[in-house]
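**Q** So the protein lines, in turn, are chains S, V, P and Z. For what it's worth, my numbering labels the leading residue of the first sequence as 1, then goes sequentially. For what it's worth, my numbering labels the leading residue of the second sequence as 297, then goes sequentially. For what it's worth, my numbering labels the leading residue of the third sequence as 593, then goes sequentially. For what it's worth, my numbering labels the leading residue of the fourth sequence as 889, then goes sequentially.
Bear in mind the hints are in silico, worked out from the structure with no lab data behind them. Quick caveat: nothing in here was measured; it's all calculated off a predicted structure. Hints are not guaranteed to be accurate.
[As the list claims (entries may be wrong)] Cβ pair distances, simulated, as ranges:
1. Asp1167/Z - Val459/V: 46 to 52 Å
2. Glu525/V - Pro1068/Z: 39 to 45 Å
3. Gly480/V - Ser1177/Z: 20 to 26 Å
4. Glu42/S - Arg460/V: 28 to 34 Å
[Stated by the list, open to error] Under the rule of at most 20 Å between Cα atoms (straight-line distance), these lysine to aspartate or glutamate pairs were calculated in the EDC-like manner:
5. Lys563/V - Glu24/S
6. Lys759/P - Asp951/Z
7. Lys1055/Z - Glu773/P
8. Lys759/P - Glu1117/Z
9. Lys859/P - Glu773/P
10. Lys167/S - Asp359/V
11. Lys167/S - Asp455/V
[Claimed, not checked] Listed next, the stretches of chain V that the computed footprint assigns to chain S, with coverage defined by at least 3 CB atoms under 8 Å from CB atoms of chain S:
12. 310–324
13. 507–513
We put the beta carbon where it would ideally sit given N, CA and C, even for glycine.
4 protein chains.
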Amino acid sequence: MLAYFGPQGTFTEQAARAFSADDELVPFDTVPAALAAARRGEVDAACVPVENSVEGAVPATMDALAEGDPLVATAETVLDVRFSVLVRPGGGEPRTIASHPHALAQVRHWIAENLPTATAVATTSTAAAARSVLAGEFDAAVSAPVAVRHYPLEVLATDVADVRDAKTRFLLLRRPGRLPEPTGHDRTSVVVTATDRVGALSDLLAELALRRINLTRIESRPTKGRLGEYRFYIDLDGHAAEPGVGDALAALRRHCPDTRFLGSYPKAEPGGAPAGTGDFVAAAEWVASLREGRGA
Amino acid sequence: MLAYFGPQGTFTEQAARAFSADDELVPFDTVPAALAAARRGEVDAACVPVENSVEGAVPATMDALAEGDPLVATAETVLDVRFSVLVRPGGGEPRTIASHPHALAQVRHWIAENLPTATAVATTSTAAAARSVLAGEFDAAVSAPVAVRHYPLEVLATDVADVRDAKTRFLLLRRPGRLPEPTGHDRTSVVVTATDRVGALSDLLAELALRRINLTRIESRPTKGRLGEYRFYIDLDGHAAEPGVGDALAALRRHCPDTRFLGSYPKAEPGGAPAGTGDFVAAAEWVASLREGRGA
Amino acid sequence: MLAYFGPQGTFTEQAARAFSADDELVPFDTVPAALAAARRGEVDAACVPVENSVEGAVPATMDALAEGDPLVATAETVLDVRFSVLVRPGGGEPRTIASHPHALAQVRHWIAENLPTATAVATTSTAAAARSVLAGEFDAAVSAPVAVRHYPLEVLATDVADVRDAKTRFLLLRRPGRLPEPTGHDRTSVVVTATDRVGALSDLLAELALRRINLTRIESRPTKGRLGEYRFYIDLDGHAAEPGVGDALAALRRHCPDTRFLGSYPKAEPGGAPAGTGDFVAAAEWVASLREGRGA
Amino acid sequence: MLAYFGPQGTFTEQAARAFSADDELVPFDTVPAALAAARRGEVDAACVPVENSVEGAVPATMDALAEGDPLVATAETVLDVRFSVLVRPGGGEPRTIASHPHALAQVRHWIAENLPTATAVATTSTAAAARSVLAGEFDAAVSAPVAVRHYPLEVLATDVADVRDAKTRFLLLRRPGRLPEPTGHDRTSVVVTATDRVGALSDLLAELALRRINLTRIESRPTKGRLGEYRFYIDLDGHAAEPGVGDALAALRRHCPDTRFLGSYPKAEPGGAPAGTGDFVAAAEWVASLREGRGA
């Protein structure tokens, strides 16, 4: 059973289906609610958007992951943000077209070219837009492709997006347990809390750079209620089971005892730097040999 | 004349008023539209949310600032995210309470305690909620305090917020021109584009740390359309006119020729590290003396 | 049996006696010869000067340690460079005073004040000076205090030194074996070979600094016959058996596979930074817990 | 008029002649004495060995440069340490061969092969060996090639050296004045005093590495009389008149106000990294444009 940040018919549901075609999917009103269900063990995992979302859910996800009982990502998926435009069967030329404002912003040019006389109307989600069309309130909805599974609407257009490369990344989060096996192209996510000592973040990134570990995302957020303290959300290339990444995680933890592991999981998309250079195993063995008087 | 990201009655309007009590304020539908008006010189400046916004506008602001003709912040303001609950005069106990979903999420406990039987209804903005109450559609609106200036509603409650320290930061952006005078507690914003060479960001932050310049915010965003390339938005303590910050900006620019300056302006809130240690002026004079054969 | 860089009667013999009051001491003509005896197992250990020596032996020691079969220091001692002035019994006012040129340089003021009419004569070692006095060739010798054990001369003055804090540091070197127990105030010596890639040394020192490991000495020497390649001799505070130092050594080894361990041994003199901050054991356990799915 | 560290007939005299074929050369007994003559203006410049010397003079040079009135190197020269073996004309097969012990160490194999029955005898300098041969005391001298200019001896062999690449580097030091013109392959020498704060040296080297400035030599020496304080002698590629090197020198000076410039001068030997990457001039101009409101 899989929780996801609902309602039905959004990109997050689509991501949840990508994670698990067979599981029962349960929508929750908010990201924290979906994560809480996973924390309590009511569901096996929760699917939430984490980055670059058109639905604005990112800060909610980040805050919810940094506090409370730990959850660990075991998979990610990235969806192209390409919309379907849904209409009532036989509804004629749409005069109103509804969606979440962020979605409308991403299809503005398409509307101007294809439905130049239509009025764009804002709803609270892309799924709500579909429901409003079904209810006859508006004529067309800019929705996630999955919405058509839930609402008996007709697809007027698919693959609609002014910007070709808009994407949303989703994580599948579980209670800590066995890590996914390393695949050679994994990502590790971590959140580090640091006081604003000048140079604290510089030290953390130097620990990664010295191990040739590539950072693919960083975002600071002030810690609630403690002035001058920041959380840094860092995604890096590699898997905690790999010697170099494990070594780097230990270094981050030494600098910041509040370091929280958010998971190692296969990257949804190819690319990224190769795993850390240097033979961590050989170096550790060398130190062991020194300590035992077997070498120099 | 001041553009702002509208509609009327939101926190952004309230921020715009904080920047300029007297100027004429012009709402724009989107952040890019408000900024475009400033770029074209149709308005003197534009007020947009930049960080931690309840309205999800941050990525829009950041993307819009990183591309197109340059705009430079000359002021910031930080608003506590504390809502007013507005009702129609003489409307009785509200049975529905409307607002943007993010706003509703931030007053959930207040509603549970004060209007336990009310149904929360999502609208597309906090201002839209106020309008819907005025129209009789819903009974109460969770709105920015400024909304009451525009809608003849009654204030049922003020200072409503489950979380005490939620804040939104706004920038006032202008075409490049004379910088604000340094005040001794300024912030400088910059956006740097770096390829994902391992260690690129580590080098940038080392440049700051070695000059004892404090970083107060960092956020990466992938560059549209160029895989493996990132933009890093960095806020740091100090003013470009100060020798240490100027020296640091030059260093960032050497590493990343795409570095874009987003302004030096007084910090809205106290705190932060003191200005960079080390006497940059004396050191520069020493090098000049070496070059001229006057010292060693 | 202990080899030392002779001849008899020098500060190095005095250091060898400080290491081992009871062992048989065997002088060798050169540092490499003394070390070779230890390498071959003909002696248990070799005592050689390593730093700041008045006898110029440092480069010889460093080169000899960096190549050939490994030797590891198990102890150090630091001698104040304070000379005795030796004369023949009943020899009258000295008109000539002999010593190694470096020693003469260090007692110039003493001679000017105490034997203003004496002529300073250079010999090949401080011990050779004593022998020349014994032989009647010269009238006074500036020697190591220990010289008087070997030559039946009279001590005209002790504790002679223009500069009060001149010191020579000596190492006791053995074939790799059980390390001395950590005492809490140890030193670790290492030699690292790095090509002249810009920043190679900077990376090595960052590895130490990030672990709060204090460096007490560094010296580069070009590698014989390979242009643009350097050896860096580094002394640092701490013991290889300590988690932080072990971790740092592994890091150096990853950067430079030619890293050679030269020993961990109690510091002869107090002072130095406390051992590396951060709990290396706790951090390693945390990573183990992540990998086993027990935490985050 | 040129001072040099004598006596006549050594490699240092040979280096002095390389610096200036025409000047009058004045030998001084010690490095400090030669430098003092330059400081007082009695000579135009002083030639002293600085690195890897077979005569052990390096520490003396380094200490003398770090204290007292400033002197600045304007040239360097590197001599191959290849000896001549000098004998009295018609003297027959040598039975004794004299030299400074370091020189003897460097020709051991040559002696074993070419004069297998000769006894090696130590003298206080290579020049003293030549004088002793002239005096009939010993039969052969291992000397600097220049010695034959001063002593009417016969050259038995030239180019004698067991190790092919032994070299000594010499500096020509003057009172501060006009720097030599940059040639594109220069070296800059500097001495920096730093307390033993963990990481102080790491910061200094990071300043160089971040500017892609190559370090060709580093040596620490404890500061006399101040425990836990070190001097770091650093040679780097480039010229103080170059923007990048000047910028780096200013950075070192900010970290360590005791930083002393020891000169920028053409490298005696080819090689080394190209001058610092990044356009320092363009970056400085960009910052100026920001400050003047001309750009972003």
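**Q** Taking only the CA atoms, is the gap from lysine 759/P to glutamate 1117/Z under or equal to 20 Å?
**A** With Cα atoms ~15 Å apart, lysine 759/P and glutamate 1117/Z stay inside 20 Å; holds.
**Q** Lysine 167/S and aspartate 455/V were given as a pair; does the straight-line alpha-carbon distance stay at or below 20 Å?
**A** violated (37 Å)
**Q** Confirm or reject the claim that glutamate 525/V and proline 1068/Z have a C-beta distance inside 39 to 45 Å.
**A** holds (43 Å)
**Q** Between the alpha carbons of lysine 759/P and aspartate 951/Z, is the straight-line distance 20 Å or under?
**A** holds (15 Å)
**Q** Please work out if lysine 1055/Z and glutamate 773/P have their alpha carbons no farther apart than 20 Å.
**A** violated (41 Å)
**Q** Okay, the region 507–513 of chain V and chain S, do three or more residues pass the C-beta test at under 8 Å?
**A** That given contact holds, which follows from 6 residues of the region 507–513 of chain V lying within Cβ reach (below 8 Å) of chain S.
**Q** Just to be careful, I want the Cα atoms of lysine 563/V and glutamate 24/S compared with a cutoff of 20 Å; is the pair within it?
**A** violated (50 Å)
**Q** Can the suggested window of 46 to 52 Å be confirmed for the beta-carbon pair aspartate 1167/Z and valine 459/V?
**A** holds (47 Å)
**Q** Keeping to a limit of 20 Å between CA atoms, is the pair of lysine 859/P and glutamate 773/P held or broken?
**A** Holds, at roughly 12 Å.
**Q** Verify the proposed pairing of lysine 167/S with aspartate 359/V, using a straight-line Cα cut of 20 Å.
**A** holds (15 Å)
**Q** Between the region 310–324 of chain V and chain S, see if three or more residues pass the 8 Å beta-carbon test, and mark the coverage as holds or violated.
**A** Coverage by chain S is violated for the region 310–324 of chain V (0 residues, Cβ < 8 Å).
**Q** Holds or violated: 20 to 26 Å for the Cβ distance of glycine 480/V and serine 1177/Z?
**A** holds (24 Å)
Hint compliance for this structure: hints 5, 7, 11, 12 are not met, and every other hint is.
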